[in-house]
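S.K.: Just so you know, the sequences run in chain order U and F. The opening residue of the first sequence carries number 0 in numbering that gives the first Met the number 0; numbering runs sequentially from there. The opening residue of the second sequence carries number 0 in numbering that gives the first Met the number 0; numbering runs sequentially from there.
Rather than coming from a laboratory, the hints here were simulated on the basis of the structure. Just to be clear, a hint being listed does not mean it is correct.
One-sided and incomplete, this derived list gives chain U residues near chain F with beta-carbon spacing under 7 Å [what the hints assert, rightly or not]:
#1 ASP117
#2 ALA119
#3 ILE219
#4 THR228
Below, a list of computed lysine to any residue pairs in the SDA-like style, where the Cα atoms sit at most 25 Å apart [said to hold, decoys possible]:
#5 F:LYS113 x F:ASP129
#6 U:LYS351 x U:GLU537
#7 U:LYS246 x F:PHE121
#8 U:LYS246 x F:GLY135
#9 U:LYS530 x F:THR5
Where is the CB? At the ideal position from N, CA and C, for every residue including glycine.
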Amino acid sequence: MSTAVFKPRPDQMGDNNEKKTSYLTAGFNIRSWLLTVDHKRIAILYLLSLTFFFFLGGMFAVLIRLELITPAGDLMQAETYNKMFTMHGVVMVFFFLIPSIPAVFGNFLVPLMIGAKDLAFPRINLLSWYLFMFGGMLGFAAIIFGGVDTGWTFYTPYSSTYANSNVILAALGAFFAGFSSILTGLNFIATIHKMRAPGMTWFRMPLFIWAHYATSIIQILGTPVVAITIILVALERLFHIGIFDPKLGGDPILFQHLFWFYSHPAVYIMILPSMGVISEVITCFSKKKIFGYEFIAFSSLGIAVLGFLVWGHHMYTSGQSIYVSLVFSVLTFLVAIPSAIKVFNWTATLYKGSVSYDAPMLYAIGFIGLFTIGGLTGVFLATLGVNVHVHDTYFIVAHFHYIMVGGAIMGYMAALHFWWPKITGRLYPEVWARVASFVIFFGFHLTFFPQFIVGYLGMPRRYHAYPEEFQIWNILSSAGASILGLGYLIPLIYFIWSLKYGERASANPWNAKGLEWEKADSPPTQFNFDKTPIVDQEVYDY
Amino acid sequence: MSTKETALQHHFENLDQQFEASTLGMWAFLVQEILFFGGLFAGYIVYRNWYPEAFHLGSEHLDVFLGTVNTAVLICSSLTMAMAVHWAQKGDKNKIITFLVLTFILGAVFLGIKAVEYSHKFHAGLLPGDGFIWHGEHGDQVRIFYSFYFVMTGMHALHMIIGAGILIHLIVQAGKDRYDANYFTPVELFGLYWHFVDIIWIFLFPLLYLLGRH
Ligand SMILES: [Cu+2]
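In isolation and in its complexed conformation, chain U is listed as follows (with noise of 0.2 Å):
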């Protein structure tokens, strides 16, 4: 077989083809799967997982929305509502979105995009699918025995004195969870220091490995603080040791700081791993290199650190000193540089290049979209006169739904699509996936909108019933919901369908740059690529 660099990969070899085994061939029996050390097989696992968790956790999107449909209590009470958001939101963040795409994307891109055979460590990798497994089942335990009450920011004293809920199981569930996080981001850095092919300089490296260089510093640095934080609150609930008390001495707002200085960070950690599967989508669908490929780059380092010093903009109503919410203020407004950074730089390189509208690019574009609307609201929030209005209202909601819904899982949808066809070898429906991109679309807009009117007007956020001129916009919002839901679930339908009947994708069906497409199979052979590959080549070189 050819050794020449880049050259497009001869898919006629036939017979020659048909011989190799891919990762997915390579052993059919439950064993094969759950003690792979493929990275390609982990991502699967995660993949299968994360999917279960991401429709449980809309499970509880819709009882939600089904309860704001009445002003009045009607459907559930109070209590039972309290339980409705936070598994909600314990879910969908622990569970679905940090791990979300460097656990599925990450495992199975981040050693073929940079030339090598597997993670630095795949026993590790395996280790990080179980812990999280370990974390979300307990996680599934607190629901089944009658749920979690706290908010999922386990705010003290309630979570650790006066809750009656699930707190023990629900709070060590996300600490195994974070454990199994770090463990993805210490793999990913020395993986990337060290598993890069020959010629893979790191200004050759795609910006997806970027991205997720910044995001393994997050979950490195930032994780374990959340880890201890929890463990402090578990000793409080079943000892009463007192840290967190304020009848016996101790800070509740002490909690607030640990909890934020990685809860923070946590949204970059959801949002960055999205950015750079936008940046490589853009520039594969505009047929041209990227524009501002340092820039980029360095946004996404700069956005890591800047993550860590604004943790206060939560708590400018908690009782800290207004110099201190000043100072955080200021340092928000920060991130919003970087940030723009990318949004311009994407948007720079759509310019003259030959754009088509494939599934994933409608995502990345719609991605765009609805982060610049997230990013500006959120530059709102960090001012603190605005902020103090609009504390704990429907705008919040909006807003970081804006980010992590818009942002994050827009990105994911982007990259189920682009790389569908390595990761499974099929092809899916590709009209069902733009129909689903618009619906999806629009219901997100229909759903998350009217909660920036309804909560500027002042509706508080976490109340089961509301005064009722804020019904109108609360149907809208439950309407759109259930537009998204939909939208939801038509990929999972034509995805599963493509597994069976979709066509055989080539190895390069979107006809784009870097080593997994134009070195590796799809599906990728076991170990990734016949021989290792030499790059000589600059990156994005459309």
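Take the given structure of chain U and dock chain F with the ligand to it, following the hints.
M.R.: Just chain F with the ligand now, with coordinates in the frame of chain U:
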């Protein structure tokens, strides 16, 4: 077959790459550990500034003698661990095992002394919780001091116990001739971990035990 061939995992090009990747992974893990303990240190700093007298009073009830002995024991165990790594690099199987066993014994002594201290505190009613007893001023705040004492030293002890488990594994592997001058990565990396756990104690000892004596 020499260990050189068996030790190389399939996805690495050569042993050097494998060693470098593993080392970097271990350092990243230790960074993670620093942040893990960092949350506790941050909390400690806050409360010590709020309740200096209570922390002073609480600290006076810790056993400085046993704490000092334990500090010495741990520093010695770091020395024996460093020796184990040294002989691993030279590929001397018997000396590797000797020093790993010594490290294990010193670690066990540390944990034993710690257990004695814990039981003293337990019988004196100083275990934070509803049964906490303090005859004197600032009872609630002293309880917070003891909460930090138990959580911080407890987390440290947990790291020691995990370390002891890994030591047993290393001793068994060394007995099977798995390490030589070409391949000794696990011993070296465990050394990093063990020294890290030591350093945590070096910070804990003055913060908890010596606070009341200056
Ligand atoms: Cu934030």
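S.K.: Does each hint hold? Answer for all of them.
M.R.: Cross-check of the supplied hints:
Because the closest C-beta pair between U:ASP117 and chain F is about 4 Å apart, less than 7 Å, the hint holds. For U:ALA119, the interface hint holds, since its Cβ comes within 7 Å of a Cβ in chain F; the closest pair sits about 4 Å apart. Taking 7 Å as the C-beta cut-off, the interface hint given for U:ILE219 holds, the closest approach to chain F being about 5 Å. Interface hint status for U:THR228: upheld, as the beta-carbon distance to the closest one in chain F is roughly 6 Å, under 7 Å.
The hinted pair formed by F:LYS113 and F:ASP129 meets the criterion: a straight-line CA distance of about 23 Å does not exceed 25 Å. The suggested pairing of U:LYS351 with U:GLU537 holds, with an alpha-carbon distance near 20 Å, which does not exceed 25 Å. With a CA separation close to 23 Å, the supplied pair U:LYS246 and F:PHE121 stays within the 25 Å bound. The hinted pair formed by U:LYS246 and F:GLY135 meets the criterion: a straight-line CA distance of about 18 Å does not exceed 25 Å.
Of the pairs offered as hints, the one joining U:LYS530 and F:THR5 holds, with about 21 Å between alpha carbons and a cut-off of 25 Å not exceeded.
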